[in-house]
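Protein sequences appear in the order of chains A, B, C and D. So the first sequence is numbered by this note's numbering: it starts at 23 and just counts up by one. So the second sequence is numbered by this note's numbering: it starts at 23 and just counts up by one. So the third sequence is numbered by this note's numbering: it starts at 23 and just counts up by one. So the fourth sequence is numbered by this note's numbering: it starts at 23 and just counts up by one.
Simulated from the structure, these hints should not be mistaken for lab results. Incorrect hints may have been included.
Identical copies go unnamed one by one, so any copy, or any two together, can satisfy a pair.
[Said to hold, decoys possible] Only pairs whose alpha carbons sit at most 20 Å apart, straight line, appear in this in silico SDA-like list of lysine to any residue:
#, residue 1, residue 2
1, Lys201, Leu191
2, Lys201, Leu170
3, Lys201, Asn54
4, Lys201, Glu167
5, Lys201, Ser104
6, Lys201, Glu115
7, Lys201, Asn52
8, Lys201, Ala59
9, Lys201, Ile64
Quantities reported herein were computed from a predicted structural model and do not represent experimental measurements.
4 protein chains.
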Amino acid sequence: MPRPRLEDAPTRLLAAGLALFARQGCERVNSNAIARAAGLGIGTFYLHFANKYALLRALQLRTLDGLRAARQAAVAAVGSESGLEEQVRASVEAAVAFAAEHPEAYRVCFGRERTAPAHAGPVVSESTRGIASALAAWQRAGVIEPALDPALAARAYLAMETGMLLWWLEDPGRTAADKLVETLVRGHPALAAQVRG
Amino acid sequence: MPRPRLEDAPTRLLAAGLALFARQGCERVNSNAIARAAGLGIGTFYLHFANKYALLRALQLRTLDGLRAARQAAVAAVGSESGLEEQVRASVEAAVAFAAEHPEAYRVCFGRERTAPAHAGPVVSESTRGIASALAAWQRAGVIEPALDPALAARAYLAMETGMLLWWLEDPGRTAADKLVETLVRGHPALAAQVRG
Amino acid sequence: MPRPRLEDAPTRLLAAGLALFARQGCERVNSNAIARAAGLGIGTFYLHFANKYALLRALQLRTLDGLRAARQAAVAAVGSESGLEEQVRASVEAAVAFAAEHPEAYRVCFGRERTAPAHAGPVVSESTRGIASALAAWQRAGVIEPALDPALAARAYLAMETGMLLWWLEDPGRTAADKLVETLVRGHPALAAQVRG
Amino acid sequence: MPRPRLEDAPTRLLAAGLALFARQGCERVNSNAIARAAGLGIGTFYLHFANKYALLRALQLRTLDGLRAARQAAVAAVGSESGLEEQVRASVEAAVAFAAEHPEAYRVCFGRERTAPAHAGPVVSESTRGIASALAAWQRAGVIEPALDPALAARAYLAMETGMLLWWLEDPGRTAADKLVETLVRGHPALAAQVRG
DNA sequence: AATGAATGAGATTTCATTCAT
DNA sequence: TATGAATGAAATCTCATTCAT
């Protein structure tokens, strides 16, 4: 049985960075403060990250991975033989749940910090891929119209989803989660372009 | 050591600020650089703006006004007796054209700088109002479903439109403007929630 | 009958400078602010004063003159044939009254600004002269001890008087004016060194 | 680029600040200059003091402590069974000696910088306390008149002492130290208010 | 691996002064 | 006389980064 021990430095730095970035924004935070908030020495920061943008990047990748996994698991859970709307709804619900559970991570990944840093790569294009390939698959299966441009539609939908979730997280009292899901499902290109028998 | 100026200082500062903000982002630009780029002395900046965030705010308000006016003019041009889709399309086309004509202003208003500065007020909520009230009017006219939440739908649509246009402006070669218009019209909540006779 | 007209620029500048210097201290005030507070244009300041220290100097000289005149008038009023203590008391009472009537002027003349400015000459040495010559006169008249050094004693007394009055003006509620007069008269070198029959 | 230091940074900064403040006055000195004069980097200043006023305050407190200690030691040395005048003279001599030995520190503590900075607390009120309590003690012992207000008298005396010493330090050639001591002892309220058998 | 004092480039902002009107 | 926009030197303070320990 492994003894519970203090988390290691990189983990502590990631946690401290997440909290500070979410609260103040990357540009307003400095690496000394992150190190201090992590309970570590100033120099220790540079032992694990080249600079604050590298830390930001690591946080964003971690979040992107987690969100992708959550969506995939949710879709897998409803089964591939279920209907288009069911699958879409499952994916959307997973995203909303993820944002609700990890509000700081979501904000740091998709909010103001999304594009800011020169060092951190683009976040949106990566997350677009999953949706686009799902749309393309449904298209090949003849479930949705061939006229739809999957890449474009995916990007449009994600812009909407991200915008809504960030706005929601600012003050979750503004709307109930299920109303949010409803709005997003309604606006999902897969349903709008569904081939109706 | 004052010098006579052809254009007045605020105008020059706004122009210089727009160019620099669009290229480097507000956090990467300093007020001295803006003043110099405007061909003015360092102190002159502070004669007209309290700090760079005030200048940013002025740019954003100007853009917001321009975009609103362009949309309204376009909708007015097709006439209020025209159909729902025609009006929506006119508004979307106006927005796409505006972004194409003022790419820097659009980016500075809706891009990374949208939320960044403590001093600049929120941009999105202001631009949401126009769409939301249009949706509400159509709703009262019985043209679209009463179930739709205008505020929520407006915000969702605008997140999509803004996201798409910013992405498009990064490299306008990615898509033709009319395909963009098509995608946005399709995703517009007014059409999705249209009451079909 | 002369028409009441707006005071002229120098007068307005002196008044504005007095108020600002008293409230914020010379180093914390700038000439633009003085001009504005005087209801005049920025450039107008330099038409009448070389810089803020020149204005300060003018204020100090005016105050010094006023205080000297008040003292002399008070001493003259009790008459030269009156006793030493009566004359001293008259002079002290005049100083206390002057400070009470012109608290801003007194503070600006003798307070923090007394020594600060490179341009403004020393204030204390000028005001010392009056007391020192009075002491010398009494000495020649055989009323006070010849051992006393008039210059030194005058300076010591004035340091005390000034220190007390500045402290009193900070919050006049701290002591009654007559208790102050009493303390100062008691400490006056003319009485301490009086030749007692 | 850190460098090893012989003396520690705060000590060097205090020494440099003392020299510069004494020569030019707090408002005329900037923190960069202090750091440079201390042979340290600009940023190092802010590692140890929040701003130049904090450094000034530290210098003043140090001086106040030193002066108080010197006075107390001197009075203790003559013994409490010695006469009033002896004790007063010991205290005055200690103050004069302290000022002569630490002219810069004395000037920075009691001179122009005494009141100037918003951040630095009041210096005079603190140094008043010692004298006032000594007067009160003698009063309780019946050595000096009960009519005397110890707080007021202490303040008056200290204004005189401080004013004289500052003036003397400007040019010590003006008077011999013992003449100064004589003038101050003469003007001391304890002697003026002594109850004569 | 961990530390934190030290560094200095650079950002922000102020203000005395000028001069064309 | 009077004005006030314009100027830029200078002051304050921050923070990413280094390196001796």
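Going through the hints against the structure:
1. Lys201 <-> Leu191: Classified as within; 14 Å inside a copy, 32 Å across copies.
2. Lys201 <-> Leu170: Between copies only: 10 Å across chains, 26 Å inside a chain, cut-off 20 Å.
3. Lys201 <-> Asn54: Cα proximity of Lys201 and Asn54: none, with 42 Å in one copy and 47 Å across.
4. Lys201 <-> Glu167: Between copies, since 15 Å is at most 20 Å while 27 Å is not.
5. Lys201 <-> Ser104: Cα proximity of Lys201 and Ser104: none, with 22 Å in one copy and 31 Å across.
6. Lys201 <-> Glu115: within (11 Å within a copy, 29 Å between copies)
7. Lys201 <-> Asn52: neither (38 Å within a copy, 43 Å between copies)
8. Lys201 <-> Ala59: Neither, since 37 Å and 48 Å both go past 20 Å.
9. Lys201 <-> Ile64: neither (45 Å within a copy, 51 Å between copies)
Checked against the numbered hints listed earlier, the structure breaks hints 3, 5, 7, 8 and 9; every other hint is satisfied.
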